[in-house]
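Sequences are here, hints too, so could you generate the full structure?
Residue numbers (this note's numbering), protein chains in the order written: chain A, 1 to 318; chain B, 1001 to 1269.
Hints were generated in silico from the structure; no laboratory data involved. Do not rely on the hints blindly, as some may be mistaken.
[Claimed, not checked] Pair ranges (Cβ atoms, derived):
| hint | chain 1 | residue 1 | chain 2 | residue 2 | range |
| --- | --- | --- | --- | --- | --- |
| 1 | A | L60 | B | L1130 | 27 to 35 Å |
| 2 | A | A183 | B | V1244 | 33 to 41 Å |
| 3 | A | W150 | B | L1005 | 18 to 26 Å |
| 4 | A | T179 | B | L1103 | 48 to 56 Å |
[Said to hold, decoys possible] Straight-line Cα separation of at most 25 Å, SDA-like style, residue types lysine to any residue; simulated pairs:
| hint | chain 1 | residue 1 | chain 2 | residue 2 |
| --- | --- | --- | --- | --- |
| 5 | B | K1225 | A | R98 |
| 6 | B | K1044 | A | I133 |
| 7 | B | K1168 | A | L13 |
| 8 | A | K182 | B | K1225 |
| 9 | B | K1225 | A | P17 |
| 10 | B | K1044 | A | G231 |
| 11 | B | K1225 | A | A20 |
| 12 | B | K1225 | A | L238 |
| 13 | B | K1073 | A | A20 |
| 14 | B | K1225 | A | Q242 |
| 15 | B | K1044 | A | I154 |
| 16 | B | K1225 | A | I233 |
| 17 | B | K1044 | A | L137 |
| 18 | B | K1073 | A | A266 |
| 19 | A | K182 | B | A1006 |
| 20 | A | K182 | B | R1008 |
| 21 | A | K182 | B | S1049 |
| 22 | B | K1073 | A | L13 |
| 23 | B | K1225 | A | I234 |
| 24 | B | K1044 | A | V24 |
| 25 | A | K182 | B | K1044 |
Glycine included, each C-beta is placed from N, C-alpha and C at the ideal position.
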Amino acid sequence: MTKSKSGTLRDLLPALPLAALFLVGFVLPLTVLGALSFFQSPEFTELGFDQYRRFADDGLAFSILADTLLIGAEVATLSLCLAYPLGLVYLAAGPRLRTILTFLIMLPLLTSTVVRTFAWIVILGREGIVNSIMQALGIWDQPARLIYTWGGLILALTQIQLPLMALPLINSLIRLDPTLPKAAEGLGASRVRVFFTVILPLTRPGAVAGWLLVFAAASTAFITQSLIGGGRIILMPLYIYQQAVGEQAWPFAAALSLIFTAAVIAVVVAVDRLGKDRTAARTARLKAEAAPAASADAGIAAMVSLKPEQADIGRPNA
Amino acid sequence: MPSTLADRLFSAVVRLVAALTGLLLLTPTLVVLVVSFTGGSSLKFPPPSWSIRWYVELFASAEIIDPALFSLKLALLATLVSTTLGTAAALGIARSRGWPARLLDALFMSPMVLPAMAFSLSLLVVLNALGLRLSLGTLVVGHAIICVPYVIRMVGAAVQQLDPALAKCSFGLGASHFYTLRRITLPLISRGIIASGLVAFLSSFDNVPVSLFLADARTEVLPIKLWAILEGSLDVRVAAVSGVVVVATLVGLIVVERIAGFGPGLRSR
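Now the structure itself:
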């Protein structure tokens, strides 16, 4: 299609109202937030890098950031390890089991975050299911503290964010040419070898997309982090909230927000690139087929591919 | 071909992990539903006795019903704003191929990558700087922006599936742009719009960070009210709310599935 530049811009006219809303409600606030982070609190008069210096000097803030990224990575990796077996079973399943699996995977997406988190409090609490079972079996004499622990938080976040991993991964698995694993098996490769040398490399784009979605969601999951962490585990979103609302230290909260955002995006872009380099051609083909947003920015493209893939997983059962 | 021991072991491990994962996905929702029918006053599992007292109590508690109604209103408004503006934008972006379209697409998608806490703080900061008061309007703007990426992506996907020849035929037969939009394009992408509306509604109804910063002292939204209750004491009414929300979501989903078909906006016509 050859179009003059004015034609292109005229086509974009319907996007103008939303662009205006974003300019006022998104671009402007973030710009102001950026500017605010260069003020010295509390006078708001002098400019400087004090907030960033404070972050660099403050060992606590730095370790909170590291913990937050670590929990995102751990949850995403655990999700990946759980989603592959689920995906393989889905791939081998008949239509009935596929419908059930789709429902199971969508279920956590459809209940609100507070509800899902609340469920984990019921399960992990002092009188919770795990403690009741372990005590009834006589394995534990007294209730163990499961909630407010790192492990409990990882488990809860994994269940809550797992759909974001399973959907893109299953989409990749469905698109895999079924003759390839069969050919490898026919040539005498063991199932383990088929998985690691054929299936895993060919479904890497889906795995990377899912890993990134879970990473971003888990590291920014304010409600789950603060309720399951119970104030004992402080991660970045809660820390920003405490600084902004509790301490009224807006410039420092602004700097923390920007540092946190930059760190999350840096991980997303780096991992996305890692996924692409190895299988650049395959990724490009998949994206051309699957994601209408293939042109968008690297990290965003990964975020985005969620929706078309959700659609695909629904399709076989439709 | 006979499978070796290693092969069978691998398959067994895969099935076991898959079964455990399925259980992991299901258990929490099930637990909430079961616990909400407890006759006791704690969240002990399994419940010592059964009753619907917590549902009765829930509907008598204005302190929970009022935030729930406010959240419904807010989510409806945010959905209306984000789907209307988002659909228009998605149509515009789909028609144009140049870099301005790509730039706008990236801009509209970016609330998804940005930590919600950072965005919410920035809105509060700018409202403060401009001397604007917190109101329902500012809340709706914040929520709508959070919802926009879903609309852009899902409606965009529906538009991509649209055969461009249809619009050309319509023009060829003398129809105006507006008539074509009203009679051809919008009906064909309506499933995508409805499905994206549902997702937008759910994500607004569920949103905490934006409301946390932008709700004034008098307004309370449901998730924050529940959060406050949970931080204080483990109130069984929260289980009842959860039961209502889960059932309402499933009903809404079935209704949308009936009207629009599932597979958000992508199932072919």
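Evaluation of the provided hints:
A hinted range of 27 to 35 Å holds for the C-beta pair L60/A and L1130/B, which are about 33 Å apart. The beta-carbon spacing between A183/A and V1244/B, approximately 52 Å, falls outside the hinted interval of 33 to 41 Å. Range check, W150/A to L1005/B: about 37 Å between beta-carbon atoms, so the 18 to 26 Å window is missed. Distance hint check for T179/A and L1103/B: the Cβ-Cβ separation is about 41 Å, which falls outside the suggested range of 48 to 56 Å.
Between K1225/B and R98/A the CA atoms are separated by roughly 37 Å; this puts the pair beyond 25 Å, and the hint is violated. Of the supplied pair hints, the one linking K1044/B and I133/A holds, its CA atoms being roughly 12 Å apart against a limit of 25 Å. A distance of roughly 19 Å separates the Cα atoms of K1168/B and L13/A; the hinted pair therefore holds under the 25 Å criterion. Restraint check for K182/A and K1225/B: the C-alpha separation of about 54 Å exceeds 25 Å, so the hint is violated.
At roughly 33 Å between alpha-carbon atoms, K1225/B and P17/A are farther apart than 25 Å, so this suggested pair is violated. At roughly 23 Å between alpha-carbon atoms, K1044/B and G231/A fall within 25 Å of each other, so this suggested pair holds. Restraint check: the Cα-Cα separation between K1225/B and A20/A comes to about 32 Å, which exceeds 25 Å; the hinted pair is violated. Distance hint between K1225/B and L238/A is fulfilled; the C-alpha atoms sit about 17 Å from each other, no more than 25 Å.
At roughly 24 Å between alpha-carbon atoms, K1073/B and A20/A fall within 25 Å of each other, so this suggested pair holds. Proposed proximity of K1225/B and Q242/A is supported: the alpha carbons are some 18 Å apart, at most 25 Å. Simply put, K1044/B and I154/A have alpha-carbon atoms about 23 Å apart, close enough for the 25 Å limit, and the pair holds. Restraint check for K1225/B and I233/A: satisfied, since their Cα atoms lie roughly 22 Å apart, inside the 25 Å limit.
With a CA separation close to 17 Å, the supplied pair K1044/B and L137/A stays within the 25 Å bound. Taking the CA atoms of K1073/B and A266/A, the gap is near 37 Å; set against the 25 Å cutoff, the hint is violated. With a CA separation close to 17 Å, the supplied pair K182/A and A1006/B stays within the 25 Å bound. About 16 Å separates the Cα atoms of K182/A and R1008/B, which keeps this hinted pair within 25 Å; it holds.
For the hint pairing K182/A with S1049/B, the CA-to-CA distance comes to about 54 Å; that exceeds 25 Å, so the pair is violated. Simply put, K1073/B and L13/A have alpha-carbon atoms about 30 Å apart, too far for the 25 Å limit, and the pair is violated. With a C-alpha separation of about 21 Å, the suggested pairing of K1225/B with I234/A holds against the 25 Å cut-off. Distance restraint check for K1044/B and V24/A: the Cα-Cα separation of roughly 49 Å exceeds the 25 Å cut-off, and the hinted pair is therefore not satisfied.
Of the pairs offered as hints, the one joining K182/A and K1044/B is violated, with about 50 Å between alpha carbons and a cut-off of 25 Å exceeded.
In the structure shown, a violation is registered for the earlier hints numbered 2, 3, 4, 5, 8, 9, 11, 18, 21, 22, 24 and 25, in ascending order.
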